[in-house]
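Asker: Chains A, B and C supply the protein sequences, listed in that same order.
Numbered according to numbering that gives the first Met the number 0, the first sequence spans residues 0 to 384.
Numbered according to numbering that gives the first Met the number 0, the second sequence spans residues 0 to 307.
Numbered according to numbering that gives the first Met the number 0, the third sequence spans residues 0 to 253.
These are computed hints drawn from the structure, not numbers from a lab.
One thing to keep in mind: the hints can contain errors.
[Unchecked claim] Computed cross-link-like contacts, SDA-like style, restricted to lysine to any residue with a CA-CA straight-line distance of at most 20 Å: (1) B:LYS227 / B:TRP215; (2) C:LYS171 / A:LEU126; (3) C:LYS250 / A:ARG150.
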Amino acid sequence: MPDAAEVTRSDTRSAEASAGAPTPAVEVTGVSRAFAGVRALDNVSLAIGRGEFFSLLGPSGCRKTTLLRIIAGLDLPDSGEVRLAGREVTHTPAHRRPVNTVFQSYALFPHMSVRDNVAFGLRMKKLPAPEIDRRVAEAMEKTSIAELASRRPTQLSGGQRQRVALARALVNEPEVLLLDEPLAALDLKLRRQLQIELHSLQRRLGITFILVTHDQEEALALSDRIAVVHAGRIEQIGQGRDLYERPRTRFVAQFLGTCNLLPGTVREASGETIVAVTALGELKAVLTADHRKLSTGDPCTLAVRPEKIIVREARGEVRPGEYEASIMDVVYNGPDTDLSLQLRAGGLQLQVCCLNADARAANRQPGQSLIVTALPPESLIVLED
Amino acid sequence: MPHGARSIQVLRGEALSARQRVLRILGAAGPASLWLLIFFLVPLFLIVGVSFLSRGEFGTVERPWTIEPYRRLAGYGLLGFDPLHPIILARSLALGAGTALLCLLCALPLAFFIAGLRPTWKTAALTLVIIPLWTNLLIRTYAWQLLLAPEGVLSRVAATLGLIEAGSGLYPGAAAVYLCMVCDYLPFMVLPLYASVEKLDWSIAEAAMDLGANGWNVFRHALLPQIKPGLFAGSLLVFLPATGQFVIPDLLGGAKTSMIGNAIQQQFLASGDWPFGSAIAVVSLGVVMLALWAFSRQSRGKEEMDLL
Amino acid sequence: MVALALFLFLYAPIVAVVVFSFNAARFGTGWKGFTLEWYASLPGNQVALAAAWNTFLLALCSTAIATFLGTLLGYALRRYEFPGRRLLGRLLHVPVFVPDIIMAVSLLIFFGLVRKWCGLFELGLGTMIVAHVTFQIPFVAIVVRSRLAGLDPWLEEAAHDLGANAWQTFRKVTLPLMLPGVLAGAMLAFTMSLDDFVVSFFTSGPGSQTLPILIYGSARRGITPDINALSTLIIVLSALATVGVTLLQRKREG
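With the hints as constraints, model all of the structure from the sequences given.
Answerer: What follows is the structure, encoded as structure tokens:
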């Protein structure tokens, strides 16, 4: 397992470089939090740039929410510190931080109208009434809830409540907006629509968004960068593409999409490439730039994404580096087909995803034979664990 | 409840320092707890203590410590065995239990009836049940004096039927006490029972009928287990106060219907024998605690009762 | 129908009192004609008026104190986790079930003891208020706590997140949402105090007679008809109050 600090330090540097701003909007350093013996957060560090749409992605559970609450000021970490735009705020109470949250259950005040809900934060700051009215109207326009102003939360649908919660948070013009699985309770179509709205809203406003979600598609679609959280630690931070194409750990590889795992032993290691002995025989793979050093005899795990494996018809002879296989299971998805293959030699199972480019590809059946072509080194990922 | 909220409840922290938290909790729960400690718990301990002391001049107590009051309670007085007080104890328990049972029998049909009404009628019916509850017990009790007086219709009917002597009334008497008790405590049984009946899952009864059970079995196996909480709550709400009643037997009964409450009142206010009175109170307190403990084991971890 | 018979049974005493309040008979229970003289005699009845005044004063004071203390306790029990919370919650049910006569005599002993040591707690309105508050607090706390169960725990946090400090949160969010529960508890406490007899009886002193005590004394000696009139008035008030509360509740929930 790579050291969490190492991972985040390098990503922090790249984030700073990409954000262009020297002071990150949110910086969390070495934060740990335990509840009744359970370590919810274990030495977590990250830095998020201004105007970034950042996601905390991980399986369902409360760890990610805990981190969000610590950033919002609704919880105190056992150790570590939180900085907003460079200022240390670890012990500043929530009502004095320039951070607002959209709660998972929306937490709208049931005894107030929609307008009063949205105006709440501004009223707490004791702004003059005309300005409050103006900003409230503006916020409700932006989130398309202007006509719901005098309704009560109990009279609204899920999607409408979500928008009210959003407006209520945004009207305060916070430096950072925290969203705790805001779309989890909505049905698919509504979710997609609101995702698009969220994305364009963030682009327009330029506010730093931190989104907590367990939906990898959501994270990939919306975020500039993603942090994959597992068991209270950050497994990997990076852009969606990097996380998908170059996962570092088994967890990340299997959480974002599916992955075939090939445990093996290193036979040769030279600078940028290694040759490993796996169940598929000897495979050559390319290491990433900051991969830890591997030497002969070390155990390693190779991974390959289903869509990177090319199959061809079982005609003619099997060339070196190729494998005979038969189809165990077929799942037709429309644009592509997922195949479960079993290799004739050794019985290893592989998940393969093929584009349904022609009739033959679209009509595969269990029991058919296929040939898996050689795996080029670039398609193989070397995992760190 | 939002998705995942239950687990969040457990792992939720708060942005309060330990000191702030302690101050807040003490400030909120403290005053009331202190009050109850001083004015409820301490007096209860005092009464236990007093029950082991000796009687002094009127209304006072003094040492030596003794268990004499308890011996008298068990019947072993100065003049040999006197079953008066054990009988009173037994009678009170019997009366309490009897009242609870009768109330239960009356409340069951009533609860089911109300549950079957349409919503507006339901609220009306419930209100009709609650009104007597909120009307002074004393008024509802002395009213039976009016109803059961010798010249009253009910007494005359009873005399004609040979249940009582001609010319005497149902009041004062054991029958009057029973009638009044059941009538007064009926709402206490109906409301918790109704709460359970309201929440009944009738599909279980339908499944039972589908499987061939007759009316009684359907009730016994499909409905009864579901209304148990209401049943127990109601029984407790009737049994405990009924055993400790003193007003009703005092106003409607005679010497033959004397109960714990009367005994206590007599010892404290008339005879001035505080240790003895305390002993009686302690014993009935013991009964109460026992019943409460049995009840809490029945309804492990359930919600507190809905009192309104 | 069985239900109808049961309802009649339930209301028999109430109806009897109301009917007899119009009975012109001075003694006994034979019907001697319709009259309103008993009602007319009430305003002149100093004893009854004093008792009524005592009853209301007692109920008002004790309800105010008990609601304040009980609400805080109910809130703390729901809101905060602390060692002994569950035990305290269970213990709170004990005063609900302890027969009032036991509580009454135990307080009698307590007051007597304290009086011997420092002269406080002469039996009178003061001791009655203390006694009433003692049995009211658990009820208020239980009602407030169970009403708070429906409250979204995230609401207070949302208020904080939006910039409200502790006091503002309490005033603008917590209190308005708690209010129905607090009012329900207060109403319960008020009614219990008005109706209480046993505890008042044992902790009252000369000059601090309440209506229930008055009625009891009358019932023992033999009912004077004006008591029937008084009782009828009380019945009517109770009925109105119950109906009023039910309507209010429906309006709020509807």
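Asker: Now, for every hint given, state plainly whether the structure supports it.
Answerer: Hint by hint, here is what the structure shows:
| no. | hint | in the structure |
| --- | --- | --- |
| 1 | B:LYS227 / B:TRP215 | 16 Å, holds |
| 2 | C:LYS171 / A:LEU126 | 17 Å, holds |
| 3 | C:LYS250 / A:ARG150 | 18 Å, holds |
Of the numbered hints listed earlier, not one is contradicted by the structure.
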